[in-house]
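Listed here are the chains, written in short residue letters.
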Amino acid sequence: MSDLRDIWVYLAASPLLHLTMTLAAFQAGSWVYERAGRHPLLNPVLIAVVLVVSMLLATGTSYADYFAGAQFVHFLLGPATVALAIPLYRQFERVRKSGLAIAVSILTGSLTAIGSALGVGWLMGASRDTLISLAPKSVTAPVAMGISEQLGGLPSLTAVLVILTGIVGAMLGPLVLNLIGVRDWAARGLAMGTASHGIGTARALQVSEVAGAFSGLAMGLNALAATILLWVVWQLLF
Amino acid sequence: MLNALTLILACQLAGELVSAWGKLPVPGPVIGMVLLFIILMVRGGIPDNIAQTGDGLLKHLSLLFVPAGVGVMLHFRLLGQDWAAVAAALIVSTLVTIAVTGWVMAWLSGRGAPRDE
Numbered sequence: 001m002s003d004l005r006d007i008w009v010y011l012a013a014s015p016l017l018h019l020t021m022t023l024a025a026f027q028a029g030s031w032v033y034e035r036a037g038r039h040p041l042l043n044p045v046l047i048a049v050v051l052v053v054s055m056l057l058a059t060g061t062s063y064a065d066y067f068a069g070a071q072f073v074h075f076l077l078g079p080a081t082v083a084l085a086i087p088l089y090r091q092f093e094r095v096r097k098s099g100l101a102i103a104v105s106i107l108t109g110s111l112t113a114i115g116s117a118l119g120v121g122w123l124m125g126a127s128r129d130t131l132i133s134l135a136p137k138s139v140t141a142p143v144a145m146g147i148s149e150q151l152g153g154l155p156s157l158t159a160v161l162v163i164l165t166g167i168v169g170a171m172l173g174p175l176v177l178n179l180i181g182v183r184d185w186a187a188r189g190l191a192m193g194t195a196s197h198g199i200g201t202a203r204a205l206q207v208s209e210v211a212g213a214f215s216g217l218a219m220g221l222n223a224l225a226a227t228i229l230l231w232v233v234w235q236l237l238f
Numbered sequence: 239m240l241n242a243l244t245l246i247l248a249c250q251l252a253g254e255l256v257s258a259w260g261k262l263p264v265p266g267p268v269i270g271m272v273l274l275f276i277i278l279m280v281r282g283g284i285p286d287n288i289a290q291t292g293d294g295l296l297k298h299l300s301l302l303f304v305p306a307g308v309g310v311m312l313h314f315r316l317l318g319q320d321w322a323a324v325a326a327a328l329i330v331s332t333l334v335t336i337a338v339t340g341w342v343m344a345w346l347s348g349r350g351a352p353r354d355e
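Protein sequence lines correspond, in order, to chains B and S.
Read in this note's numbering, the first sequence has 236 at position 236, and its numbers run on one by one without any break.
Just add 238 to the spot in the second sequence (first one is 1) and you have this note's numbering.
Source of the hints: derived by calculation from the structure; they are not laboratory data.
Glycine included, every Cβ here is placed at the ideal spot set by N, Cα and C.
A couple of the hints might just be wrong.
[Unchecked claim] Partner residues are not named here, just some residues of chain S that face chain B (Cβ under 7 Å, in silico): (1) A242; (2) V256; (3) A258; (4) T335; (5) A344.
[Claimed, not checked] Quick look at which bits of chain B chain S covers, simulated, 3 or more residues with Cβ under 8 Å: (6) 3-14; (7) 31-37; (8) 71-83; (9) 89-102; (10) 128-142.
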């Protein structure tokens with residue numbers, strides 16, 4: 001028995017265990033998602049997060065210990081963001097043709113995201129810390145965390161709200177777009193990327209290369225737009 | 239494969255340097271994306287190995303968000319206090335943003351109707 005404990009302690013201290021756990025949980029999430037005919041409500045990221053959090057709580061493992069292993073997966077977010085240049089390049093002709101429409105749509109969307117998040121949060125009586133952390137929720141995680149820190153929010157809370165926003169968008173976004181009759185892949189991708197950054201983009205890429213390229217573009221431009229808009233909003237409000 | 243990965247990492251590194259030196263609010267990887275895009279424009283095409291490596295990274299993009307998402311366990315207390323406000327703000331704001339952005343784009347480009355499926 002004590003041998004088993006020693007092995008556990010040894011494994012828990014190496015990055016291998018939590019790295020494998022992350023991949024296995026995501027595989028399980030993807031399996032459920034595929035099995036259910038890619039039903040958007042069974043988002044693989046959500047399933048993986050629930051599985052990993054349950055396992056960590058059950059074994060009394062801290063997030064810091066988990067992240068020591070999972071950071072290798074987390075690190076790949078940077079190179080993956082760079083790689084979004086590839087679908088963007090493939091769709092460049094279409095992007096160039098509708099440059100002004102794209103700029104206006106993303107600015108409108110960015111302002112809507114900030115305004116509605118602050119408005120609803122404030123009406124529902126969220127604390128100041130929560131409100132500030134919520135404001136950049138549609139922006140890609142690394143930028144959102146930077147914005148939150150500058151405005152005096154909690155960057156790590158912002159990271160979580162950003163991921164949850166991405167999951168909500170990936171789960172319900174396609175249904176909303178169907179409901180209001182937006183069928184054009186470019187417009188659908190732009191909406192997903194502006195509102196739910198990389199997770200929305202991941203979902204868009206699965207469905208259509210055009211949607212994925214526009215979504216990646218929207219994610220990048222919204223990071224820029226939201227940084228500037230939030231700075232202005234903060235000068236006006238506080 | 240290896241030189242494609244090197245190129246992607248080099249773009250990110252250059253992006254991080256530009257972002258830090260210029261004190262820009264835009265993160266390194268996003269600047270790296272612009273750099274890689276410029277390189278592809280100059281070359282006038284996507285070399286096979288870059289396409290393979292990049293598509294490989296993007297194929298499992300959602301996996302990469304899991305470690306940050308697990309960070310939710312750090313904030314159970316704050317989220318517990320404000321859970322209703324947070325849930326309402328996240329859901330309403332995200333869906334309204336998707337609807338508004340998609341609708342504006344479809345309206346501006348004059349193709350709200352089905353065009354290319």
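Verification of the supplied hints:
1. A242: violated, 9 Å
2. V256: Check failed: Cβ of V256(S) comes no nearer than 13 Å to chain B, outside 7 Å.
3. A258: violated, 12 Å
4. T335: This interface hint holds because 4 Å falls under the 7 Å limit.
5. A344: Cβ of A344(S) sits 4 Å from chain B, so the hint holds.
6. 3-14: violated (count 0)
7. 31-37: violated (count 0)
8. 71-83: n = 11 at 8 Å, threshold three: holds.
9. 89-102: n = 7 at 8 Å, threshold three: holds.
10. 128-142: holds (count 8)
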